[in-house]
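Enquirer: Single-letter residue listing:
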Amino acid sequence: MKNQKTIIYIANRDEFHSYLLSQPYNIYAVTEKEGRYVFADVNEINDPGDKYTPTLLPPKKYLYPDEWILFRFKRGREEIFEIEDKEKRILFGVRPCDINAINLMDKIFSDGYNDNYYAKRRKDTILIGIDCFSPCDDHSFCYSVGHLDVKEGYDLLLKDIGTAYFVSIGSKRGRRLMTKFTKVRETTPHDIEQIREIEKKKEGMFINKFKTKVDNLPLLFRSSISSPIWEELGERDLGCGACNIDCPTCYCFDIQDKLELNIEDGRRVRDWDGCMLRDFTLVGSGEIFRASKADRLRHRFNRKFHYLMNVYKKSHCVGCGRCARDCLARISPVEVVNSLMV
Amino acid sequence: MKRPRVAFFDFTCCEGCQLEVSNLEDRLIDLTKLVDIVMFREVMSEKDDTYDIAFVEGGISRETDIPRLEGIRKRAEILVAIGSCAAIGGINCIKNFKDLEEVKKIVYGRDARYFDTILAQPIDAVVKVEHYLYGCPMIKEEFLDLITSLISGKRPVVPNYPVCIECKLQENLCMFHKGVYCLGPITRGGCKAICITYGNSCEGCRGLVDDVNINSQTDIMKEHGLSLDDALSKFKLYGGYLR
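Protein chains in written order, with the numbering used here: chain D, 1 to 342; chain U, 343 to 585.
Everything labelled a hint here was simulated from the structure, so no lab data went into it. Worth double-checking, as some hints may not be accurate.
What the hints assert, rightly or not - For the chain D half of the interface with chain U, some residues (derived, Cβ under 8 Å), not all of them:
1) Gly35
2) Val38
3) Val42
4) Leu57
5) Asp237
6) Asn262
7) Ile263
8) Arg267
9) Leu277
10) Ala329
11) Ile331
12) Ser332
Said to hold, decoys possible - Derived lysine-lysine pairs resembling DSS-like cross-links, with alpha carbons at most 27 Å apart:
13) D:Lys172 to D:Lys120
14) U:Lys437 to D:Lys61
15) U:Lys440 to D:Lys33
Note that the structure is a prediction, hence the values are computed from the model and not measured. By construction, the Cβ of each residue, glycine as well, lies at the ideal position given by its N, Cα and C atoms.
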């Protein structure tokens, strides 16, 4: 397995981009939008490099999209018509936090029950990551939750050094993609030295923003079930659910059957849902399990740092900071964790 | 419900919601296969007073509106409020914050004395309403979804999440982060955040989503430089009738 991580030096960034664009994949890469970034269908690759801040939506939008038509059906017939999805895609420029989030989702969607719809899209998606050398902005806290480094999940991981990339290969298909690209050369001791220099610079740039170690979080949240913090946060909380939509590890969904105008043909649609929304726990009898915003907030945080962390031994918040960046009420995981520590 | 008879009515409004139905264009034929449209002043001259579903646009703003609406209620099995005016009171309710005599003078000038006016209100202030199609105007897709749901016996889905959800899905930069105040966080979604996507802020035309945090919204608006009065007047554009 070790030689799979062989590092290849790429002579030219632009040549690598052109090569990828010539491949039979749809390429989605980071592009600017209103001073922020989004993943979008691109004709050329212009990654913002060290100016990058997390995209408005995480790349989950390609792996389990909202308004996802799962299949079509005919009313009254026990037959479903699968939807043919032939798209093969490359997500270019996915940062370690988001790759780690996808790794977590791979487990969620396969543990116990294998979600074929997710598995298909995941299989048809090549992930090309770009490593981070410095924190993207004040809101991010990937280091604090143990998600700064990424060890798996990507097909290729790039270290961007301006005119060239160092490439780590993470999968067989990543290797295949690279063997077809002829304008590469093996690394020299000089290159290795250069990588070490970069890695060294990284040290000390990322700090633990939590007043505790990440491993302590499940216990911290478990013992904070009746903390007054939740009520205080609940009063500030708008309940807008933006944090759920923005979050790379929020995966809850709602399923609806919709009928076409002939009321014969129908489609089953999977929409993103969010635990911060009132109707999320509304059940048929009219009861709502988590009626207050405080209850919902507490639940959301426990999902990230307690319940799922106990099962998978990793923080289910990857520290991208999207929720904090977009929260009008300024509720951030860093603030929440640290106020529980007091 | 098999091929229901459907009628459209309007009270104080711009008739923009009914226009949305005629804007269905190529799908109108399919719609007429599904329902029997017996009354629709905006698009046809035939009239018939026997119907199962009444779609009512517009708010109540005259004494004479009340018996007319009650009549429609009696004849219809299902009454649907369409658009902000009928569903939540909407823009008409701006006048409720002024003296009604003064309002009449502003609108009709010297002829004001020939007109009667009462406080503007949504139709459910007068009669029972089964379903609501929110928005200014209502959304065609929701209208069609309601019809297919009623005919197939399925409970229609009314979005009950704030505009922010769909705004994030459109990957719009938050209006507040652009320095523009917005009612998105407290307004019922379902519109796909169309106003924000095209550069305007949310005006709240679909009314309040359930379980809003008005205090927090007001704080955030104040924090962004709006006085309490400004914040309230922003709420009042569509939400004057809401408590």
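Enquirer: Now look at each hint and say whether the structure bears it out.
Expert: Verification of the hints:
no.	hint	result
1	Gly35	holds (7 Å)
2	Val38	holds (5 Å)
3	Val42	violated (15 Å)
4	Leu57	holds (5 Å)
5	Asp237	holds (6 Å)
6	Asn262	holds (7 Å)
7	Ile263	holds (5 Å)
8	Arg267	violated (12 Å)
9	Leu277	holds (5 Å)
10	Ala329	holds (6 Å)
11	Ile331	violated (10 Å)
12	Ser332	violated (15 Å)
13	D:Lys172 to D:Lys120	holds (17 Å)
14	U:Lys437 to D:Lys61	violated (44 Å)
15	U:Lys440 to D:Lys33	violated (43 Å)
When each numbered hint is compared with the structure, violations occur for hints 3, 8, 11, 12, 14 and 15.
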